[in-house]
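Enquirer: Quick mapping for you: the protein sequence lines, in order, are chains E and C.
Adding 21 to a residue's 1-based position in the first sequence gives its number in my numbering.
Adding 1078 to a residue's 1-based position in the second sequence gives its number in my numbering.
It is worth saying that the hints were derived from the structure and are not from the lab.
Please note that the accuracy of each hint is not assured.
What the hints assert, rightly or not - Using C-beta positions, here's what the derived DEER-type ranges look like:
#1 28(E) / 1285(C): 51 to 59 Å
#2 1203(C) / 97(E): 49 to 57 Å
#3 1285(C) / 368(E): 20 to 28 Å
#4 32(E) / 1191(C): 24 to 32 Å
#5 1164(C) / 145(E): 54 to 62 Å
#6 132(E) / 1110(C): 45 to 53 Å
#7 47(E) / 1178(C): 21 to 29 Å
#8 1380(C) / 417(E): 33 to 41 Å
All residues carry an ideal CB built from backbone N, CA and C; glycine is no exception.
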Amino acid sequence: MLLTIQSLTKTFPGTKALDGVNFDLSAGEVHALLGENGAGKSTLIKCLTGAYRRDEGEMHLDGRLISPTSTSEAQELGIGTVYQEVNLLPNLTVAQNLTFGREPRRFGLINSRAQKLAALEMLQGYGLDIDVGRDLSSYSVAIQQIIAIARAVAVSGKVLILDEPTASLDAAEVRMLFDVVRNLRDRGLGIVFVSHFLDQVFELTDRLTVLRNGQHVVTEQTAGLDRLQLIHHMLGRDLEAVEEQGHTGHAPIVERPAMLHFTGIGRAGVIEPFDLTVHEGEVIGFAGLLGSGRTESAELLFGLRRAQTGEARDQSGPISIETPQSAIAAGFGFAPEDRKTDGIVAELSIRENIILALQAQRGWARPLPRAEQDRLAADYIKRLDIRTSDAEKAIGDLSGGNQQKVVLARWLAMNPRFLILDEPTRGIDVGAHAEILKLIDRLTEDGMAVLIISSELDELVVAADRIIVVRDRRHVSELTGSAVTSDTIMQAIAAEDHAPAQEVAR
Amino acid sequence: MNPRTFPLLATIAIFLVAYAICSAQYPTIFSSRVAGNLLTDNAYLGITAVGMTLVILSGGIDLSVGSVIAFSGVFIAVMLRDTGLHPLVIFALLLVVTTLFGAAMGGLIDILAMPPFIVTLAGMFLARGVAYMLTIDSVPINHDFYSFLQKSYYLMPGKGRLTFIGVLMLLTVLAGMIVAHRTRFGASVFALGGGTATARLMGVKVRRTTVQIYAFSGFMSGLAGIVFSIYTGSGYPLAAVGTELTAIAAVVIGGTLLAGGAGYMFGTLIGVLTMGLIQTYIVFDGTLSSWWTKIVIGVLLLSFILLQKGLVHLSTRQRGARI
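Just need the whole structure built from these sequences, with the hints factored in.
Expert: Put into structure tokens, the structure is as follows:
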């Protein structure tokens, strides 16, 4: 075994984040580390990379006992990590990033020619043909990710930890990244792969380890498990909620009254003009690859970007969606994709986050009475089952799923008729995932319409009554009723002259 | 071409165009005398700006430099008056003091996780106060070594004087260029400017680097103080008020991003010379009031900030297209 971890324990005040966890990794394998949020994945990784000191247990690398005290010490021992958000410096060149801290020097000064050569050498075998003299920020996230891997491998070279590396990549980029990972596996590295995407786990990994509530649940050959068993291990409870959910979608929509009509909404270079009719109590899904125009479509509908053409109408006449303010006034809500930076105010309490939009609408001169705020917060914490000790806790301390529920509560407090959710379940564990989908379903019973944008097809299939497929900045097709399956969506996305390889080359 | 170099090229182009315009109007501006004076008059500012550039590249700011210059002048003048030490010994003592002063500010910034703005603001009041403590008057410096330094120059063709302090400033810029662009320390400075958390993950020793950056700026302010005392021949606690802001302006006009992480040391030299050129032009004109200098510098500063904003916008759009 390249790396063995025995009965690792890490305690934080009040909780046991890791309780006697075992983990092992052999050279030349890709080992998935799975679990819900709070299962202990990140604590395990942080112990391994020196960000945390373990309380008990042993870690052996190549048979030697290790206890790294800092990230750089772990790197020197041979453990490199690549995170979801690329941890390289966008303001330096690719060559500077690759050789950082180990720049070739002559007479004490950095030799930039040798630096570029060293960088090119490090990139060999990764299938990248790029100019290492350019700034890192001029390349796509996928390429930056691979550069980060190249650096981690060169610096450390034994164990590579990939912490949700695919979260912001599209399908073609994921494939490119996987080729790189397989290549490294064949070169004899031990790779730990953390991901929420179960498809990717099955596609890429040799073995997997599941953690739950800080404890080791199972370590198995990936090929010997099926999806349901895996989810069962991860959740430790039956998935009735998710399955039950599956039967509620795809209800016929014909008899529902139309609520909103968008005609010819478009903006040059962003999305071609499209029409959309929203019915009461309907869940619409936008499907498409990253960069296809699905998020941009929603942004036009909410006034985040100004539409150059088209108009919006409801039963009583035209409505303005020129700015988010006017869209909110028209009864729209929008929960953005990047929850951490655009969705929540991490330092404010749950209560303050919930009343944010409502208060903004009333204006600063008419503050919402504190009693009313408390009532609203208590009400939504109960209705949406937000798990928190009290409403005054900072929202940043909650798990991703609970943060998302607070964002939902904020819009529900406005009593919207049309709610747009961009990737509502990104970065949320499987259990909370099902709860959010169930919640969406419940909301529409009262006539509210919901628009979901998601890259997880299964999620769209379960949640949406109608799917609109967006491709190359165009709304290309619409699927309803029984036509809504993962396969049909995938076919619609992949139809015609679509060549995924070009996505990367651009 | 790398979009990072645009601000530097813009700075150089503006300087050359401005010089050409000034020379066309007053041909004598294009002479070695004016060039020599430009270097001499702005020597202390250039040296200060070298330290400031490094601080700004790291994403910080150092407001104490003007006060440190005043303190340095007073320190030298009082020591020369009251002790029998040779000026070179006093210079060495002074540089140790100002470097430690800078290092202490850097240490506080990192240990207390305080914004550099507030820590160096405290340093600014402190240094100015200590200068007042030493004396409240302007203390003249009369020493043979000082007269020697003031009189040492190289006579360029055209009778222009390349003075000792002018040369010292150019050498300082050269040293600054090497430190910023060709050493691992410089790479760490850029890394800090790109993001502290990321820099730490890439192995930058953040505390040590922060201390070194502000120590470097403290050393440069001390050196600028020495140059200023040679230039004026006295020490005065009210000297160099507002120099920190002029230095920041020179750095930004020189094409360094105020937010840190991007810029060139050479651009700072051009920034300093551009500001000096405006002043020279106003002296030549004779009818313009001196506040025109401030107006032109204000306009230049604003246009550079707009240019940088535009470039950042451009590069994010470019990146968006690639994804």
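Enquirer: None of the hints should be skipped; say for each whether it holds.
Expert: Do the hints match the structure? See the list:
{"no.": "1", "hint": "28(E) / 1285(C): 51 to 59 Å", "verdict": "35 Å, violated"}
{"no.": "2", "hint": "1203(C) / 97(E): 49 to 57 Å", "verdict": "44 Å, violated"}
{"no.": "3", "hint": "1285(C) / 368(E): 20 to 28 Å", "verdict": "26 Å, holds"}
{"no.": "4", "hint": "32(E) / 1191(C): 24 to 32 Å", "verdict": "26 Å, holds"}
{"no.": "5", "hint": "1164(C) / 145(E): 54 to 62 Å", "verdict": "59 Å, holds"}
{"no.": "6", "hint": "132(E) / 1110(C): 45 to 53 Å", "verdict": "36 Å, violated"}
{"no.": "7", "hint": "47(E) / 1178(C): 21 to 29 Å", "verdict": "53 Å, violated"}
{"no.": "8", "hint": "1380(C) / 417(E): 33 to 41 Å", "verdict": "37 Å, holds"}
Consistency note: the structure conflicts with the earlier hints numbered 1, 2, 6 and 7.
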